Amino acid sequence: SQQGEEDPQALSIQEGENATMNCSYKTSINNLQWYRQNSGRGLVHLILIRSNEREKHSGRLRVTLDTSKKSSSLLITASRAADTASYFCATDGASGSRLTFGEGTQLTVNP
Amino acid sequence: DAGITQSPRHKVTETGTPVTLRCHQTENHRYMYWYRQDPGHGLRLIHYSYGVKDTDKGEVSDGYSVSRSKTEDFLLTLESATSSQTSVYFCAIGQQSSYNEQFFGPGTRLTVL
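Just so you know, the protein sequences line up as chains P and H, in that order. With this note's numbering, the residue at position 8 of the first sequence is 8, and numbering never jumps. With this note's numbering, the residue at position 103 of the second sequence is 103, and numbering never jumps.
Bound conformation, chain H alone (with noise of 0.2 angstroms):
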């Protein structure tokens, strides 16, 4: 999975809970993304960040935060976890390219009761 990992795989929380998820990369890649993915409706994008301190919202923001205080973390925080966010977690890296090709991490499984 091109030095990505993802931490935790599986979580199991209750509605109201915070929750962070982390991405961490060995590629030194400028852009990092967090994406989730639910049964037809593809992957849709969360928030990303374009260097460190550097984020931006994505296409499903609300209810989530990010930061990157390095090059090779990126934490996503639920605040306060709700059934809606029962979903499959997945981090992504890029380099800085017109290419624009995406690495993908293993995932995460995160429920909400």
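Bound-form chain P, shown alone (with noise of 0.2 angstroms):
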């Protein structure tokens, strides 16, 4: 079974609107990461926040993660039609150097 499960399934807003999605998971983790996947292409690798973080930023990405209630949201601001694509969290857990990942948000940012 998948380690991470974001929530919602699919999200559509208009450009410039801010865009949240969650990711819950099970175990204990090292880290949680956050990738995008663009419409035929491979995951790329968004941003990394440890176990002992709570937040972190990059560029217009906020990430937040709970280890208490085992969730992660990554917030998407001032969003871009080029932001349209599908998100995925991923958990390394106790495996070290595997990933696991959940079954990804679909985002669309209407121009």
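These are computed hints drawn from the structure, not numbers from a lab. Predicted model only: the values in this text are computed from it and were never measured. Hints should not be assumed to be uniformly reliable.
To be verified - Only pairs whose alpha carbons sit at most 30 angstroms apart, straight line, appear in this in silico DSSO-like list of lysine-lysine:
(1) P:Lys26 with H:Lys57
(2) P:Lys56 with P:Lys69
(3) P:Lys70 with H:Lys57
(4) H:Lys53 with H:Lys70
(5) P:Lys56 with P:Lys70
(6) P:Lys26 with P:Lys56
If you follow the hints, you should be able to join the two separate chains into one complex; please do so.
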């Protein structure tokens, strides 16, 4: 079964709005990562947050991590049409070099 | 795509035939991974390698084998393809570090008729 589960499965917003995606996981982790996948392409790493961190920023991305609730959120501010993609969270857990991916959130940003 | 290529990019084959997918990297990363991506299942790990000739099973390894005879190449073989193996296959690489960021190839779309 998937370690990470994203919510919502699909999200449609207007350009300029903020987009928030959530990820829940089941077991203890060392770090949590977010990836983006454009249609027909491979995944691209966006940001990594360690288990001892609570918040991290990268450009228009803000990631939070709540290990007590085993959940993370990805916020994309001032969204653009180019942000349209699927977003996946991935956790490493106790497996070290292996990642477990969620099923993803499909984000559509309408111009 | 971070110095990772996959071949072929598209393949159509028939049930029962053997199929080999190739992943090639120019980054000299230690770890290499094969995933499959299916609607409703996200990405699932098939096999991975942590060095030349060092491989291990992932979540969905049945029906698949792998080989890594050189750092740069990781082969995925379907010994006898089945329709349930119709999927998009992604190779990924990673460095030996606690950050465990992975870099993905462009994918191979495999259709088994």
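How the hints compare with the structure:
1. A threshold of 30 angstroms between alpha carbons decides the hint, and for Lys26 (chain P) with Lys57 (chain H) the separation of about 21 angstroms falls inside it, so the pair holds.
2. Of the pairs offered as hints, the one joining Lys56 (chain P) and Lys69 (chain P) holds, with about 17 angstroms between alpha carbons and a cut-off of 30 angstroms not exceeded.
3. A distance of roughly 26 angstroms separates the Cα atoms of Lys70 (chain P) and Lys57 (chain H); the hinted pair therefore holds under the 30 angstroms criterion.
4. With a C-alpha separation of about 8 angstroms, the suggested pairing of Lys53 (chain H) with Lys70 (chain H) holds against the 30 angstroms cut-off.
5. Distance restraint check for Lys56 (chain P) and Lys70 (chain P): the Cα-Cα separation of roughly 16 angstroms lies within the 30 angstroms cut-off, and the hinted pair is therefore satisfied.
6. Restraint check: the Cα-Cα separation between Lys26 (chain P) and Lys56 (chain P) comes to about 21 angstroms, which is no more than 30 angstroms; the hinted pair holds.
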